[in-house]
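Trainee: Chains as they are written, first to last, in the working numbering: chain L, 66 to 239; chain X, 66 to 239; chain E, 504 to 1000; chain V, 504 to 1000.
Derived by calculation from the structure, the hints in this document are not laboratory data. All figures in this text were calculated on a predicted structure; none of them were measured in a lab. Check each hint, because a few of them may be wrong.
Below 27 Å or equal to it, Euclidean Cα-Cα: the simulated DSSO-like pairs (lysine-lysine) are [said to hold, decoys possible]:
no., chain 1, residue 1, chain 2, residue 2
1, V, 952, X, 199
2, L, 177, E, 704
3, V, 704, V, 740
4, E, 740, L, 199
5, E, 561, E, 669
6, E, 669, L, 177
7, X, 199, X, 177
8, E, 675, E, 740
9, V, 669, X, 177
10, L, 177, L, 199
11, E, 740, E, 929
12, E, 704, E, 740
13, E, 952, L, 199
14, V, 740, V, 675
15, V, 561, X, 177
16, X, 177, V, 704
17, L, 199, E, 669
18, E, 669, E, 740
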Amino acid sequence: MRFTIEYGGESHAVDVTPAGAGRYAIQIGDGEARVVDAFVDGGLVHLLDGTASRAVQLGARGDGQHGQHGGLDARVTVLDAATARRRARLGGGAGAAGGGVVRSPMPGRVVKVLVEVGDAVTAGQGVAIVEAMKMENELRAEVAGTVTAVHVAADDRVDGDAELVTIEPAEAGA
Amino acid sequence: MRFTIEYGGESHAVDVTPAGAGRYAIQIGDGEARVVDAFVDGGLVHLLDGTASRAVQLGARGDGQHGQHGGLDARVTVLDAATARRRARLGGGAGAAGGGVVRSPMPGRVVKVLVEVGDAVTAGQGVAIVEAMKMENELRAEVAGTVTAVHVAADDRVDGDAELVTIEPAEAGA
Amino acid sequence: MFERVLIANRGEIAIRVMRTLRDRGISPVAIYSEADRHALHVRMADVAVCVGPEASAKSYLNMDAVLDAARRTGAQAIHPGYGFLSENATFARRVAEAGLTWIGPPPGAIEVMGDKLTARRTVEAAGVPVVPGLSEPVSDPDAALAFAREVGFPVMVKASAGGGGKGMRLVKRPEDFVGAVDAARREAAGAFGDDAVYVEKFIVEPHHVEIQVLCDDHGGAVWVGERECSAQRRHQKVVEECPSPFITEETRQAMGAVAVAAARACDYRGAGTVEFLVGGDQGFYFLEMNTRLQVEHPVTELVYGVDLVDEQLRIAAGQPMSVRQEALIPRGHAVECRLYAEDPDTYLPSPGRITGLEWPTGPGVRVDAGVDAHSTVPMSYDPMVAKLCTWGADRDQAIRRMHRALDETRVLGITTNRALHHRILKHPDFVAGRYDTGVLATPLPAARKPDGGWRDGLLAAAAIARHEEAVRGQRIREAQPGGPSGWRTAGRNRVLG
Amino acid sequence: MFERVLIANRGEIAIRVMRTLRDRGISPVAIYSEADRHALHVRMADVAVCVGPEASAKSYLNMDAVLDAARRTGAQAIHPGYGFLSENATFARRVAEAGLTWIGPPPGAIEVMGDKLTARRTVEAAGVPVVPGLSEPVSDPDAALAFAREVGFPVMVKASAGGGGKGMRLVKRPEDFVGAVDAARREAAGAFGDDAVYVEKFIVEPHHVEIQVLCDDHGGAVWVGERECSAQRRHQKVVEECPSPFITEETRQAMGAVAVAAARACDYRGAGTVEFLVGGDQGFYFLEMNTRLQVEHPVTELVYGVDLVDEQLRIAAGQPMSVRQEALIPRGHAVECRLYAEDPDTYLPSPGRITGLEWPTGPGVRVDAGVDAHSTVPMSYDPMVAKLCTWGADRDQAIRRMHRALDETRVLGITTNRALHHRILKHPDFVAGRYDTGVLATPLPAARKPDGGWRDGLLAAAAIARHEEAVRGQRIREAQPGGPSGWRTAGRNRVLG
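Extracted from the complex, chain L is given alone in its bound form:
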């Protein structure tokens, strides 16, 4: 089975082939295939690869998984072949649209919206303040442009990744 795994800002193709007795052949990208012994239990995956022992803990997190190994944390998103293809088709467009949408990085309460529809904003300008866990966080425009939509109002509760403000980038496509 082939998966596309997004990790550390890159996409990695990973092939998994069961090799019997709890073992799997693993090929990452164009690397050499290695056979590892694996134990999967709930969020735990323990791999033995020669004398290397790696226990990785995985937990659901938003759309992806949150991985830990020893002292390190990471975000990984595993896509099956069909989803990876679908994403690849949509890829370019979605990325460009992302720049013009300011999202809340965490669930919280909107304290104040700092812009209105029609306002011109500069890159880095604060557009909304969202409070979570007793801290106020000013969220900023990534691109310069014009505010085309404000999706929230003061005192609204928002989820993580919720759209707050949409900005039509200035000189888009230039």
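Place chains X, E and V on chain L using the hints.
Mentor: Same frame as chain L, but now just chains X, E and V:
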């Protein structure tokens, strides 16, 4: 939904009816139905019943579940209606047969079988020794009778609840 | 002693208090907001009462609801923990009026220490050194500026009702003074509904060191060592230790004596903390007194072998405290790292569902957590999810053990500041034990980077887990209704290839 | 200091040693049998080597495989833990011959202390009091009987090569003596391949008290307090504590001096334990010396603030130990409960899959576990899954905290002896601190019984969980292929009704 729960050597009929907003009406046997607020997550069930707060941890164990609440442990087996009916039909016969079969209470290794087919045994007589976790445990006949089958040999590995020796009870049915 | 005590708090401190109650055979009563209905502190209690909706102001700060909860459950006393109603003199009075015991200092002491200027005047009269500063709120900015010039810049402008860094301004030059006073006033008015601000000399290279005190009804008053709390970010403590690697034994003894004098000056009872600023020259100045249990109290417990909550209970019950000054001998060293649900790089909060959790164990490790593997971290409360403490025979061992404890910690589903702690603990100034409150504003050592083997292991693990998921999903879809329960089979999947 | 150390053990002690290695920045190497391929001690290591199949004799006791594992991974030293090869002088020699460092005493000391009669002769020559007994194995039963009459019945007949109660017979009357010698010989021959037995006076109301010692290459030799190990079942320790509530300070000091003399008598190096029998009259007699780390070493660490594994590393590396006798001052009290995978009533072992696990945390609690929520307890090894330790400012607090820690412990899927510990800790003789090795043969207080509310809660919980399972199973069956992943959705199910 009605379940039959075996616990503490007794069978309890328990009715569960969702009551909205994470609440359930619970009726145990002929008792009064109570509405409790419940949170279920993995093996955890947290119940709020008025000012009473009860966190129960459940884990798979053999055919049943293993429950813990505070300092106490318990075995519970939850049967759905169909299974409970099936067991009730088979009930009597299975119990009687149980008396003549000596089983290993845990997984282990057979150290020695102390009887042969055809041997007469008395109730309480040792029929086999099974070793587990560096301890030898002598397993005894529950009933007097004649050995009709020996299912294991020295050095065999056995699972928990495995049949070791079958005894035809003396004066069965008397 | 009490038979039943209500804990007017949530999270780790509610659980911390509950544990000592259980040790004493006292039945704990938990309270909860709607958002905390199935929170860990509720699950660990046998008796729990809902006190209102998610917003603290309507639940944990709702005096009527909390008192009513105590009445309904037959609690004889209320432990406030820290935060929320713990330093609220009105609540302390209402508890007593309701015929219950307040496990905290007398309301009068809370009031004296609750106003910074009153506190300052009170302890100064008792001979406690204070930071040179105005003893009245600023009314005439020009007179205040003259004072600032007299003690010498830099100076601090501080909200009289303040705390946590709000309404605070550092002023380095005379020409910025008046503007800073105006800004601090506006901020103070917004944050505390009180725009009174005052001016203090700014201590250069300041250390934040605090002394734990205990006072009982029988004339007993002791100090239980100090805590070094200089590792702060935005005036919030992040890492604390006991003893302070900075102060000398002479300073320690002098500060202890002064802290007891400060407590006596306000007729204190129970556990309290006297905070000091200590300059690079070991000169120390009273900052404020926290009239409650402190977040970082476990480092004191580890080094002095005292259960501070147990002493609070004894004292509130009118018994003498169990410790004597001469028997309070420190042993070894303890460090505390506050584990926050926040990104270690951006400092953005990270509330949400925890989808995996394991705490470190083994020698020298103490964990006080407010969450477990079944918890959701709500967005409305403090981001601290746990306190990791380690004890060592010396400071070096305590720090090494903390690195190990951090490595063993698993919290999945939300982001924690775990990686930040490794970096702080490796900061050369922290390692050397010569850091002041500016240390976390200086560049930290780089975070550990995953090597290729780690990356490949993670990718392989994620792919194998998803592969097994797909195979298992297939099995579940193929399973007959009435077949083996998925509840049981989903728990474990030893891969057989 | 070493850079890489192989731990020739499994379970909790492998993890215990690993933690101190990590604290020191030393890379640990784990070994495992096929049955332990994914055991916790392997998962916590970065480097691990398989040493053979499940049977210990072919894996953990396989000297060639263990030495080969060290060679392959570049380990410079081997820590044996306890049990397995830890008291095997041949292995200790082979480790040295392979150019590696043995983290344990010299092979000669292991040999001297490994044979009970040699040990007895050696320490007796150094002035250590021993139980009156024959100094040679029994050859002439009649002469032995005459000796038994001389010291007075009851007497013990013991296997010379023995341990763990095997080949041991208590003889109360002269007429039973010869038969008992024959039986003990047969048992010893079967268990140890050596039928030598000897005769000792039986100490009435004996206490099992042991002294921890440390010796280094620089002439340093200290004793680190005692441990009271009289709570035994079938000669196996179940609960230990430090200090002993029974011995007087005078006895303690005398035993400490004698223990150091015993260690010096065999030219000891490293950590070792000298076991004594102490009679009701405080008379004490050398029993044996365990030439390795002891299971119950954490209670000493908690009370004396010493990391015994760290001292072992220092000493093995040729450094002086970090502690001096006059600085070893006990503080408070510690208790250890050995959590076994066994039924608390029938004592039948309970290997199997763990399907749920949470360890206690909070003040005064230390857990050293060999398993986690992902473990299977194999049937081939020792049934101990964890050691729960608590520390308290006094014995009462330590015991109260242990009850709390036991209550917070969750191990599902297998049966543990948790309930037995509550009962032992409530035994009037244990509570009073006046128990001898016979205490667990006397009736224990009844186990706690669930009340009606508990029973109803359990039934309701089990039914609701199964109901949710049925509803969720339905949902999964109805889900479209390619829909939301069951891996993610299976984790949590907040019931929305």
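Trainee: All the hints need checking, so say for each whether the structure fits it.
Mentor: Hint check:
no. : hint             : in the structure
1   : 952/V with 199/X : violated, 31 Å
2   : 177/L with 704/E : violated, 36 Å
3   : 704/V with 740/V : holds, 22 Å
4   : 740/E with 199/L : holds, 15 Å
5   : 561/E with 669/E : holds, 23 Å
6   : 669/E with 177/L : holds, 19 Å
7   : 199/X with 177/X : holds, 15 Å
8   : 675/E with 740/E : holds, 24 Å
9   : 669/V with 177/X : holds, 19 Å
10  : 177/L with 199/L : holds, 15 Å
11  : 740/E with 929/E : holds, 17 Å
12  : 704/E with 740/E : holds, 22 Å
13  : 952/E with 199/L : violated, 31 Å
14  : 740/V with 675/V : holds, 24 Å
15  : 561/V with 177/X : holds, 21 Å
16  : 177/X with 704/V : violated, 36 Å
17  : 199/L with 669/E : holds, 13 Å
18  : 669/E with 740/E : holds, 14 Å
Checked against the numbered hints given earlier, this structure breaks hints 1, 2, 13, 16; the rest are met.
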